[in-house]
Amino acid sequence: MNLPIPFIVLLAVISLAGTGFYCLLFTRNLIKVVVALQLIVKGVVLAFVLAGHLQQNESLAQTMAITVIVADTIVAVIGLSLAVQIRQHTGSLDLKALSKLKR
Amino acid sequence: MIDQPLFISLLALPFLAAPLIYLFGRLSVRKGKLLGMKVAKTLTLAVLLAEIVLLVLTVKAAMGGSSVQQLIGLELMRFDGIGLILSAIVLVLGVCVTIFSFPYMNNEKGEEKFYALLMMTIGSIIGLGFSYDLFNLWIWFEAMAISTYFLVAFYNEQSASLEAGLKYLVQSAVGSALVLFGIAAIFAAMGSTSLEDIWQYGAQLGTLGVLGLVLMIVGFGVKAALVPMHTWLPDAHSQAPSGISAMLSGVVIEAGLVAMLRVISMTGKLGGNWGYILIIFACLNILVGNLMALRQTEIKRLLAYSSLAHVGYMLFGFGIGFAFGSGAGTEGGFFHMLTHGLMKGLAFLSVGALLYALKLVKGDHSALTLEDLNGASRKYPLIAVCLSVAVLALGGLPPFAGFMSKWMILVAGVQTKNTWMLIAVIFVGLNSVLSLGYYAPIVNRLFKREMSEVVTAGKRVPWTMSLPIVFLTLAVILIGVWPMLTDFLLYNGQYFLLGYFFN
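Protein sequence lines correspond, in order, to chains A and B.
1 is the number of the first residue of the first sequence in our numbering; add one for each residue after it.
1 is the number of the first residue of the second sequence in our numbering; add one for each residue after it.
Be aware that a few hints might be false.
Here are the in silico distance ranges between beta carbons for each label pair [stated by the list, open to error]: (1) B/V56 - A/E58: 17 to 23 Å; (2) B/L16 - A/S81: 25 to 31 Å; (3) B/G110 - A/D94: 25 to 31 Å; (4) A/N29 - B/K362: 48 to 54 Å.
Since the hints were made in silico from the structure, they are not lab data.
No experiment lies behind these values; they were computed from the predicted model shown.
By construction, the Cβ of each residue, glycine as well, lies at the ideal position given by its N, Cα and C atoms.
Whenever a hint applies, use it, and build me the whole structure from the sequences.
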């Protein structure tokens with residue numbers, strides 16, 4: 001079997017994002033929710049690298065990928081800090097413990 | 001050339017000021033002194049007023065003929081009508097919210113962070129409006145999102161606030177990941193993310209471009225609270241401090257909408273009936289927003305759900321603009337964006353003033369229910385009148401601003417002379433009447449009912465809180481009786497949005 005490399009990368013993008021979305025829908029643990037968000041964004045980074053490769057514009061793609069990683073790290077930090085505070089208040093990381101606002 | 005430095009300082013000033021505000025506040029809080037906090041507050045207000053002056057000066061420079069633009073690296077920022085409307089709304093509302101928050105946030109834990117984050121939010125919304133590059137647009141968008149995450153979860157000793165903050169963060173992050181996938185798809189098709197290039201060679205984007213555009217509409221739609229993606233909004237808006245609720249509802253969701261419109265207008269050559277999609281979303285938003293608002297018992301949640309309906313009216317106007325090339329529809333959309341900022345800002349600030357006087361002063365962080373408002377006019381006549389003006393304007397009663405903007409949108413819908421559009425206009429009009437079903441009882445409660453226990457025990461509302469509320473009330477009435485005031489803003493917004501889409 002002789003698959004072209006861009007095709008393999010595309011498969012990786014789709015499977016990373018798919019795994020992320022799947023986790024996001026089915027997990028109940030706050031930490032895992034943040035991990036799922038990270039997985040999706042890692043798919044995004046790979047998609048930018050692939051797009052840059054296809055257009056022969058790798059340098060622009062790299063700068064974008066780095067910017068995305070930075071912004072994404074900030075989001076992860078905020079998400080985790082919220083998770084820590086929720087753990088301190090409710091004593092659990094379960095999303096089910098958090099349904100005061102559902103109406 | 002004076003316009004260039006003016007424009008750069010307009011963009012950079014909030015980001016230079018934000019760390020200073022935090023430092024002043026932090027140093028004084030740590031030492032247990034009050035002076036630094038006062039300096040921080042004054043600095044916030046001064047920078048916002050300076051921004052308004054800068055905006056006016058830049059408009060004057062741009063009226064001179066040459067386009068005001070600035071390259072940051074490879075990314076183009078350009079001063080135009082769409083960004084002008086967004087920054088005008090955010091600055092006016094920002095000043096009101098800042099003055100309102102002086103007493104509201106006083107001695108709250110983390111007060112020094114509040115003003116710095118507010119400043120960052122305002123700065124990134126201004127930048128978002130002027131961005132002419134897809135990736136740059138996303139950076140401003142993400143900066144806005146990050147600074148509002150903290151503000152939504154500001155009361156971090158309340159688990160309800162944390163829950164709202166987490167919901168907002170997760171949904172918003174997924175939305176921004178979808179936007180990024182969209183940008184990557186367009187980048188893969190074009191090799192460039194400059195909106196100017198995309199506009200020029202839009203026809204060659206092909207399937208990948210359509211996929212990218214759909215992903216971006218969905219992604220920005222999360223922030224603009226299009227209906228299936230709206231579930232974060234009522235929680236976030238009701239749990240944030242009242243000033244932030246006003247900002248979130250008045251400009252942040254509109255900023256998502258503007259980002260979406262900017263992308264759609266630049267891909268006009270791609271073809272496709274994006275206008276009709278916007279109209280379908282608009283009808284959904286209006287219906288769901290109104291029905292959900294009808295059954296709410298907490299006033300801030302009710303106002304949050306009504307924001308959904310109002311985003312629907314805006315989308316309806318823009319949808320008519322894109323689908324039928326109607327300038328009036330687009331102007332109506334922008335007009336409603338402007339009046340909604342004022343009206344919803346006013347509503348949230350008045351409710352915030354009551355919440356402060358009735359509950360927060362005593363350290364009670366529970367939500368203000370509709371029952372608690374009973375008979376508030378006896379004790380707080382000024383706030384009650386202002387709140388009534390706000391909700392009646394939101395419901396679209398004649399002498400107020402909300403009527404003029406809804407009227408403009410509906411007239412534009414009728415002028416298309418399309419049977420389906422006529423049906424949609426009737427549907428939207430009836431929904432506007434339905435919305436009075438939850439706005440009018442608020443006025444009834446304020447003026448007709450016996451005083452509730454909470455109101456009897458309520459404290460005084462400080463005058464610094466009443467000041468921005470009265471100002472916004474006057475603005476809502478003034479624009480209602482004299483809508484021509486906003487013509488300059490609306491025409492320019494319409495000119496740039498449709499000008500790119502159809503050429």
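Hints, verified against the model:
1. B/V56 - A/E58: 17 to 23 Å: Since B/V56 and A/E58 have Cβ atoms about 43 Å apart, the given range 17 to 23 Å is violated.
2. B/L16 - A/S81: 25 to 31 Å: holds, 26 Å
3. B/G110 - A/D94: 25 to 31 Å: holds, 27 Å
4. A/N29 - B/K362: 48 to 54 Å: violated, 37 Å
Against the hints set out earlier in the document, violations occur for numbers 1 and 4.
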